[in-house]
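Student: Residue-level listing of the chains:
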Amino acid sequence: MDEGNLDAVMEQFSGGSFGFSGTTLDQLKATKYTLAVICVDYSSSLTGFGGELTLMLQNIIKALKDDPNANNMLVRVILFNHDLQELHGFKLLKHIDENQDYPIIRPTGATALIDVTYSGLESLFHYADTLDQNEYDTNGIIAVVTDGDDTASGMSMGEIPKLLDRELKKEKMESINRFLIGMNTQVCGSYLTMFQQDAQFTQYIDMGDASPDNIKKICLGISSSISSQSQALGTGQASAAPTTF
Amino acid sequence: MRGSPSVPPGGEMIITNDGIYLQGNKSVIANKVKECEDYVLYGQEPVPYLIVCDGCGSSFRSALGARLLAHAALKTLTQFQFRIDPHTFANEAVKRAKFSTELIGDGISLDATLLLAYYSAHERAFHIFVCGDGYVQWKDSRGLGFLDVSYTTNAPYYPSYSIDPRSTEKYLLDFPDTESVRTRVSAGQVKFLSAKMQAETYAHAFNYYPQIKIDADSCKYILLSTDGISQFRNSTLKTHSVEWIGDKFTAFKNTSGEFLKRRVNRAKKELLKDGYDHYDDLGVACFLITEESNEESVCRE
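Line by line, the protein sequences are chains A and B.
Each residue of the first sequence is one higher than the one before, counting from 1 in the working numbering.
Each residue of the second sequence is one higher than the one before, counting from 1 in the working numbering.
Note that these hints are calculated values from the structure, not bench results.
Note that CB positions come from ideal geometry on N, CA and C, so glycine has one too.
One should not assume that every hint holds.
As the list claims (entries may be wrong) - Result set (DSSO-like, lysine-lysine): computed pairs, CA atoms no more than 27 Å apart in a straight line: (1) B/K253 <-> A/K94; (2) A/K170 <-> B/K269; (3) A/K29 <-> B/K269; (4) B/K248 <-> A/K170; (5) A/K29 <-> B/K273; (6) B/K98 <-> B/K170; (7) B/K269 <-> A/K169; (8) B/K273 <-> B/K238; (9) A/K32 <-> A/K170; (10) B/K273 <-> B/K26; (11) A/K94 <-> B/K261; (12) A/K32 <-> B/K273; (13) B/K238 <-> B/K26; (14) B/K34 <-> B/K238.
Stated by the list, open to error - Here are some, though not all, of the chain A residues that point toward chain B, as calculated from beta-carbon distances under 10 Å: (15) L25; (16) T31; (17) K32; (18) Q133.
Stated by the list, open to error - A few chain A residues that don't get close to chain B, going by computed Cβ distances all over 12 Å: (19) K62; (20) N69; (21) A70; (22) S175; (23) N184.
The shape of chain A in the complex, shown without the other chains (with noise of 0.2 Å):
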């Protein structure tokens, strides 16, 4: 493969309410993949935290790099305001540098929660469904990491119970977590409460302000969480380790 051309083993797929892009089947040698979407809010409330984030990301990336199950996984970044931004689709972890692949995020605008978290999902669902046609096993995790209400979303809350109900019931992953995660959530956390119920979150941790330690303690749980959900692969389970944040 040319490493210099990283865009020549992605792909994009259309389809559904939203586009996304992912690793070309050709590159994906082994038999089972964990998939993990990452999507971080970075809406003008989160002024000043920008730095942060990145680094949060940067510092994600590179636990997983460390994990035994590395080479198994691949992980899509989504950024969000009111509009969604694809970093990256589903990419190998050996594909991904977190130095050059990361901007320096510069919080702005409004919220779409809703359709980042649909966004997401569909892709997790949309991607499984195609590497299960050719015969790879997956399970996934999305980890959606917000601070407010949402103020801009297309779709409407509805659409996202349907999806789930729809797509898990064709059981192509094996398992699927779905984490929610609350910053600054002094103002909205009973909302975030009340979305994870109706977007049907697996869990929702709520981590108070966006200090760096409690960014810190974010990277640390995403990447714990992808880990652990990698390692039950194959054992048609969800991640059995407990998922502390």
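With the hints as your guide, set chain B onto chain A.
Tutor: What follows is chain B alone, placed relative to chain A:
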């Protein structure tokens, strides 16, 4: 040990390989935990090779013995490539493995079948040895071919017996049928796998180890399997033919990387949905011959 896919001189043929071994459900039925007695090695050095071993269930620690024999076979291939017949190869592999068991010193049995396939570049051909029972399937320009080796006694004459005259004597006392080997081979082009009538069966001496040579230029794949391939059973003990299972194991949707592991795992799931589980341990390895590839291949268990 690592290696790149082999590109034979004078052609653009790429040989990749993969393998998998899985424990059967008989140990679950017997309510005891045991090791998988089948074992697989594959790689590209010194030449593209597949090694498949099936340890004898009733012999002491034969799961470990099968592993030792497989690794000894690889060393033997390295030493003797291109100048060896199945008996000499099996004897040398057993002798090497015996050094290990004697050093370990707790009576590990080397009673195991040994299947080998390797590529000979100067002949542009694959050689296949079946020392004991097992199954070989390949596809070339004439269609599908197979060789199914079994014993009427259901007791293979393991290579480990041949280096010990007392074992051979005991084997013949226990199993006096000296024409116990049955080879069932495809007769010409077999297009439809349900057509058992197109296979022919031959009887051979108990110590017969078949050898096949397949022209590499027209070959698409070669699959080696332990006799576990014949043990996919449903609740009424009905089984599928080995050719049918072999065909399922080689219906690759994607030939990247661990192509055989993905296919066998998926085939296993599909069979389980239909009520068929593999009763015996299963060891399978495969050469895939393509025209161009950017595959990476490594020597692995």
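Student: Confirm or reject each hint.
Tutor: Taking the hints in turn, this is what the structure says about them:
1. B/K253 <-> A/K94: holds (25 Å)
2. A/K170 <-> B/K269: holds (15 Å)
3. A/K29 <-> B/K269: holds (20 Å)
4. B/K248 <-> A/K170: holds (23 Å)
5. A/K29 <-> B/K273: Between A/K29 and B/K273 the Cα gap is close to 26 Å, so the pair holds against 27 Å.
6. B/K98 <-> B/K170: holds (20 Å)
7. B/K269 <-> A/K169: Holds, because 17 Å separates the two Cα atoms, which is no more than 27 Å.
8. B/K273 <-> B/K238: OK: B/K273 and B/K238 at ~15 Å, within 27 Å.
9. A/K32 <-> A/K170: The given pair, whose Cα atoms are some 18 Å apart, holds under the 27 Å limit.
10. B/K273 <-> B/K26: With Cα atoms ~18 Å apart, B/K273 and B/K26 stay inside 27 Å; holds.
11. A/K94 <-> B/K261: holds (22 Å)
12. A/K32 <-> B/K273: Distance of about 20 Å is within 27 Å: holds.
13. B/K238 <-> B/K26: holds (15 Å)
14. B/K34 <-> B/K238: holds (25 Å)
15. L25: holds (6 Å)
16. T31: holds (5 Å)
17. K32: holds (9 Å)
18. Q133: holds (7 Å)
19. K62: holds (25 Å)
20. N69: The claim holds: A/N69 sits with its nearest Cβ about 15 Å from chain B, beyond 12 Å.
21. A70: holds (16 Å)
22. S175: holds (16 Å)
23. N184: Since the minimum Cβ distance to chain B is about 44 Å, A/N184 lies beyond 12 Å and the statement holds.
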